[in-house]
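Enquirer: One letter stands for each residue in the lines below.
There are 2 protein chains.
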Amino acid sequence: MAHLDLQEIEKLNSRYRANFINSITGYKSCNLLGTRSSEGNSNLAIFSSLLHIGSSPALIGFVLRPLTVRRDSFNNIKQTGQFTVNQVSSEFFKQAHQTAAKYKEEDSEFEAVGLTAQYLDDFKAPYVKESQLKIGCTYKNHYLLEENGCILVIGAVEHIYFPQAIQDPDGFLELNKINTVTAMGQDGYALPAFLGRLSYARPGSEPNFIEHGS
Amino acid sequence: MAHLDLQEIEKLNSRYRANFINSITGYKSCNLLGTRSSEGNSNLAIFSSLLHIGSSPALIGFVLRPLTVRRDSFNNIKQTGQFTVNQVSSEFFKQAHQTAAKYKEEDSEFEAVGLTAQYLDDFKAPYVKESQLKIGCTYKNHYLLEENGCILVIGAVEHIYFPQAIQDPDGFLELNKINTVTAMGQDGYALPAFLGRLSYARPGSEPNFIEHGS
Numbered sequence: 001m002a003h004l005d006l007q008e009i010e011k012l013n014s015r016y017r018a019n020f021i022n023s024i025t026g027y028k029s030c031n032l033l034g035t036r037s038s039e040g041n042s043n044l045a046i047f048s049s050l051l052h053i054g055s056s057p058a059l060i061g062f063v064l065r066p067l068t069v070r071r072d073s074f075n076n077i078k079q080t081g082q083f084t085v086n087q088v089s090s091e092f093f094k095q096a097h098q099t100a101a102k103y104k105e106e107d108s109e110f111e112a113v114g115l116t117a118q119y120l121d122d123f124k125a126p127y128v129k130e131s132q133l134k135i136g137c138t139y140k141n142h143y144l145l146e147e148n149g150c151i152l153v154i155g156a157v158e159h160i161y162f163p164q165a166i167q168d169p170d171g172f173l174e175l176n177k178i179n180t181v182t183a184m185g186q187d188g189y190a191l192p193a194f195l196g197r198l199s200y201a202r203p204g205s206e207p208n209f210i211e212h213g214s
Numbered sequence: 001m002a003h004l005d006l007q008e009i010e011k012l013n014s015r016y017r018a019n020f021i022n023s024i025t026g027y028k029s030c031n032l033l034g035t036r037s038s039e040g041n042s043n044l045a046i047f048s049s050l051l052h053i054g055s056s057p058a059l060i061g062f063v064l065r066p067l068t069v070r071r072d073s074f075n076n077i078k079q080t081g082q083f084t085v086n087q088v089s090s091e092f093f094k095q096a097h098q099t100a101a102k103y104k105e106e107d108s109e110f111e112a113v114g115l116t117a118q119y120l121d122d123f124k125a126p127y128v129k130e131s132q133l134k135i136g137c138t139y140k141n142h143y144l145l146e147e148n149g150c151i152l153v154i155g156a157v158e159h160i161y162f163p164q165a166i167q168d169p170d171g172f173l174e175l176n177k178i179n180t181v182t183a184m185g186q187d188g189y190a191l192p193a194f195l196g197r198l199s200y201a202r203p204g205s206e207p208n209f210i211e212h213g214s
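Just so you know, the sequences run in chain order W and D. Here the UniProt record's numbering is used: the first residue of the first sequence is 1, the next is one more, and so on. Here the UniProt record's numbering is used: the first residue of the second sequence is 1, the next is one more, and so on.
Honestly, the hints are just simulated from the structure, not real lab data. As the structure is a prediction and not an experimental result, all values here were calculated from the model. The C-beta atom is built at its ideal place from N, Cα and C for all residues, glycine as well. Among the clues, some could well be false.
Listed next, the in silico DSSO-like pairs over lysine-lysine satisfying Cα-Cα at most 30 Å (straight line) [claimed, not checked]:
1) Lys129/D <-> Lys94/D
2) Lys11/D <-> Lys129/W
3) Lys78/D <-> Lys102/D
4) Lys11/W <-> Lys140/D
5) Lys94/D <-> Lys140/W
6) Lys124/W <-> Lys11/D
7) Lys129/D <-> Lys11/W
8) Lys11/D <-> Lys140/W
9) Lys94/D <-> Lys124/D
Listed below are several chain D residues computed to face chain W (Cβ distance under 8 Å; list not exhaustive) [said to hold, decoys possible]:
10) Ala18
11) Leu51
12) Ala117
13) Leu133
14) Tyr143
If you want the footprint, here are the derived chain D segments under chain W, 3+ residues with CB under 8 Å [unchecked claim]:
15) 2 to 16
16) 34 to 42
One chain only, chain W, in its complex shape:
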């Protein structure tokens, strides 16, 4: 087994270290963040840091790096108070990846990569038409992470769109049925195969597979 300690990690060159350290946390969520400026310019950015924060109230969070193109996204969110989250599927993960290219501020990533902006229920921020699970969020708060200048953005979930057929009777969504992908490192993608759901863990009994939330 290879072992690197802090001294050895710090000696790695920055590109190698970025590939490596981005890999160690495991598989990540893979979503497109849709925003719109007050002038009406739409922006679309892939990100792998979306995090469940709470169910009641329904809150999500994501991390923005201090200096990236995604500051467009943050500026838009601060201007309009809204953003959308759109799950990436294996049918369009290449287009999703391409949103990371440094397009000019006035160019829309939607047109540039070949995805379709969709406006639903009077929400100002654009959804991705090709995405089968999409969330409309309002900005709640942000936290500056002093350790490296990143920003954790907290959003409240206000709209959820998804195909009813992927939902178990107890609310769980079988994301495998819409080919949602997962992100690896900075540039890797994988398509998960569902292993199953396990029963509520209790001392003294072993977890079993449960079916459809029964």
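With chain W fixed as given, assemble chain D onto it according to the hints.
Expert: Just chain D now, with coordinates in the frame of chain W:
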């Protein structure tokens, strides 16, 4: 397509809503958090909120809910300043799930679920011997998320252990080669199949698959 707005989301009963809202962010990382109290009691807890925070310095973060058994983990981290992160593979995801059972404070989840505590390089917190990718971290900081009382814990990566054979020449780790699983919702698991890595996105060119970081 089903659509729920905020009013409808708030009307859902709490168990259904927890299953549902925990599903919408997509696939999650799946790791075991190993800690030890100053009295020497070891603790092991599954968690799906591990997040990449930065590569330089190498930082990770995770979210603790306000009132869970995992407060044992947080108390231990505050006492010793150390914790380990251990990727869960398909070989032991049932044992990993079982760590969520409410064992007594003095009982070790390692023994209760049948995983092996391993102490490496004088680190006080226990690793999971069965895990093939493990990280030794020191506590750096935490942020109270005012929106729901959750805590974001920030840790510095000080040790990384992994099989050299899964690493591409440019640092990327092929997690599929060690059967790392990904978490879905509150109780689902999936095993990702690697689709590949895509080339650096640039305006005007389409992303292609790259091989082994070349």
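Enquirer: Now tell me, hint by hint, if it's right for this structure.
Expert: Taking the hints in turn, this is what the structure says about them:
no.	hint	result
1	Lys129/D <-> Lys94/D	holds, 16 Å
2	Lys11/D <-> Lys129/W	holds, 27 Å
3	Lys78/D <-> Lys102/D	holds, 21 Å
4	Lys11/W <-> Lys140/D	holds, 21 Å
5	Lys94/D <-> Lys140/W	violated, 36 Å
6	Lys124/W <-> Lys11/D	holds, 25 Å
7	Lys129/D <-> Lys11/W	holds, 27 Å
8	Lys11/D <-> Lys140/W	holds, 21 Å
9	Lys94/D <-> Lys124/D	holds, 26 Å
10	Ala18	holds, 5 Å
11	Leu51	holds, 6 Å
12	Ala117	violated, 17 Å
13	Leu133	holds, 7 Å
14	Tyr143	holds, 5 Å
15	2 to 16	holds (count 11)
16	34 to 42	violated (count 0)
Violation of the numbered hints given earlier is confined to hints 5, 12, 16; the remaining hints are satisfied by the structure.
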